[in-house]
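Peer 1: These protein sequence lines map, in sequence, to chains A and B. 1 is the number of the first residue of the first sequence in full-length UniProt numbering; add one for each residue after it. 1 is the number of the first residue of the second sequence in full-length UniProt numbering; add one for each residue after it.
Please keep in mind that the hints were generated in silico from the structure rather than gathered at the bench. Hints may contain errors.
As the list claims (entries may be wrong) - According to the in silico footprint, chain B covers these stretches of chain A (three or more CB under 8 Å from chain B):
{"id": "1", "region": "75-83"}
{"id": "2", "region": "227-240"}
As the list claims (entries may be wrong) - Going by beta-carbon spacing under 7 Å, a handful of chain A positions derived as facing chain B:
{"id": "3", "residue": "Asp33"}
{"id": "4", "residue": "Gly58"}
{"id": "5", "residue": "Gly59"}
{"id": "6", "residue": "Cys89"}
{"id": "7", "residue": "Thr170"}
{"id": "8", "residue": "Gly268"}
{"id": "9", "residue": "Cys301"}
For each residue, glycine too, the CB sits at the ideal point set by N, CA and C.
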Amino acid sequence: ECPGTGSAQAGSAAACQGCPNQGLCAAGAAGPDPAEAAELRARLRAVRHTVLVLSGKGGVGKSTFSAALAHGLAADEHRQVALLDIDICGPSIPKMMGLEGEQVHQSGSGWSPVYVEENLGVMSVGFLLSSPDDAVIWRGPKKNGLIKQFLRDVDWGEIDYLIVDTPPGTSDEHLSIVQYLSATHIDGAVIVTTPQEISLQDVRKEINFCHKVKLPIIGVVENMSGFVCPKCKKESQIFPPTTGGAEKMCQNLNVSLLGKVPLDPQIGRSCDRGQSFLSEAPDSPATLSYRNIIQRIQEYCEQHHSQEEKVI
Amino acid sequence: LPERSTNLLGVRHIVLVLSGKGGVGKSTLSTELALALRHRGHRVGILDVDLCGPSIPRMLRVQDRAVHQCDSGWVPVFVGQDRDIALMSIGFLLERPDDAVVWRGPKKNALIKQFVTDVAWGDLDFLIVDTPPGTSDEHISTVEALRPYRLLGAILVTTPQ
């Protein structure tokens, strides 16, 4: 695997053989500028907790979960929450947060996030497009550049929780966000999956990615986990966990299963309409699951923070 | 224009399966389309250019197979009931199935070019190309590498939402 363009091994690791950028990396041209790293550190100094939402597999509900997590945490008015969408090709967050058509404003202190609530700010490439159907057909380096800008040029202010929604995979965006956020501290990753083996096989890769880049794993969320018919109340497995689902995978890989969220057509509807599912369907079993999971994530972050403070 | 290698000269039609969105069923459709075309008597191959999340090997129950080299390049893995659908995927090149392919764009592009020009497909009526979600390196490189050949077109997959 790519050791990272900023790593000491850039260009000289075994994995660099055959990469067209090997020469560049070996010459140190692609590494992070120390001045840049200092800039990022300064910008992100006032961020207390950072949570990455990852998968490996597409379409499992990363953005849906990121939006729910953001709304859930921002329910406490005293908490300042930021949601950063680094899915450059398929940014779902603007629509899910009811912010389609919003634009980013610039000021002396940088780009201003788009605020859903006073205490919930959002940033996404979606806000930079002239039309929502414009395709962003960019290779890795250009995507990395925008992600860096999101961290360096956005005036986030003081934030209690920075949630980063990612695209599927283990590539440029994922390497870059981990590299750039090393300027601050990442509490950990929440990994989202569905019960089927086709998803789990990609998620195991993502778990390995986290281990490789030393990113702590807060836990795994299993979405689309069963469906209860509103008419007859019978439960069906729409995506059968043929190999034991997330539960078995978490046991095998010694990671925490944060919770299972059942399929609820209201989730998709809320996302399409840009409404908070937790507010629109407070009595849904899915809402209860989400709330429990959010609570566990909060506890993990707060506990981790107080441990760190003890060490200092 | 990239040079034409001889490996794709025997392929009559190339079909890209795209989406933009993840998890809508591109790999599922690519697999079923290949099987259905084979059932109708056509010679079929599948090229899986999803390097981070290759799903096709498992869908065809060949996740444990390996690829071999010949004079013209890589020999695809033959899958299906009668072992007559040709398949190439990064899944076959991983040492362990859970190994993450953590590559930046340039390295991904290099492998995709190889997958397009260095696999000995032989004579095929249809080559179905399954892609990852997005509009990035894999997609740009695949289309660029396939440009000299007969690209039939793209099928786009979505869900209703």
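Peer 1: Does threonine 170 of chain A meet its interface restraint, that is, does its C-beta lie within less than 7 Å of any C-beta in chain B?
Peer 2: holds (5 Å)
Peer 1: Taking beta carbons only, do three or more residues of the region 75-83 of chain A come closer than 8 Å to chain B?
Peer 2: Our answer is that it is violated, as 0 residues pass the Cβ test (under 8 Å) against chain B, missing three.
Peer 1: Classify the hint on aspartate 33 of chain A as holds or violated, based on whether any CB of chain B lies nearer than 7 Å to its CB.
Peer 2: violated (18 Å)
Peer 1: Any CB of chain B closer than 7 Å to the CB of cysteine 89 of chain A?
Peer 2: With a minimum Cβ separation of about 4 Å from chain B (threshold 7 Å), the hint on cysteine 89 of chain A holds.
Peer 1: Checking hints one by one. Is glycine 268 of chain A an interface residue toward chain B, by the C-beta closer than 7 Å rule?
Peer 2: holds (5 Å)
Peer 1: Holds or violated: the hint that glycine 59 of chain A contacts chain B, with Cβ atoms closer than 7 Å.
Peer 2: holds (2 Å)
Peer 1: Holds or violated: the hint that cysteine 301 of chain A contacts chain B, with Cβ atoms closer than 7 Å.
Peer 2: violated (25 Å)
Peer 1: Does glycine 58 of chain A pass the interface check with chain B, least Cβ-Cβ distance below 7 Å?
Peer 2: holds (1 Å)
Peer 1: Please check whether the region 227-240 of chain A has three or more residues whose CB lies within less than 8 Å of a CB on chain B.
Peer 2: Per the Cβ count (0), the hint is violated.
The structure shown violates the earlier hints numbered 1, 2, 3, 9.
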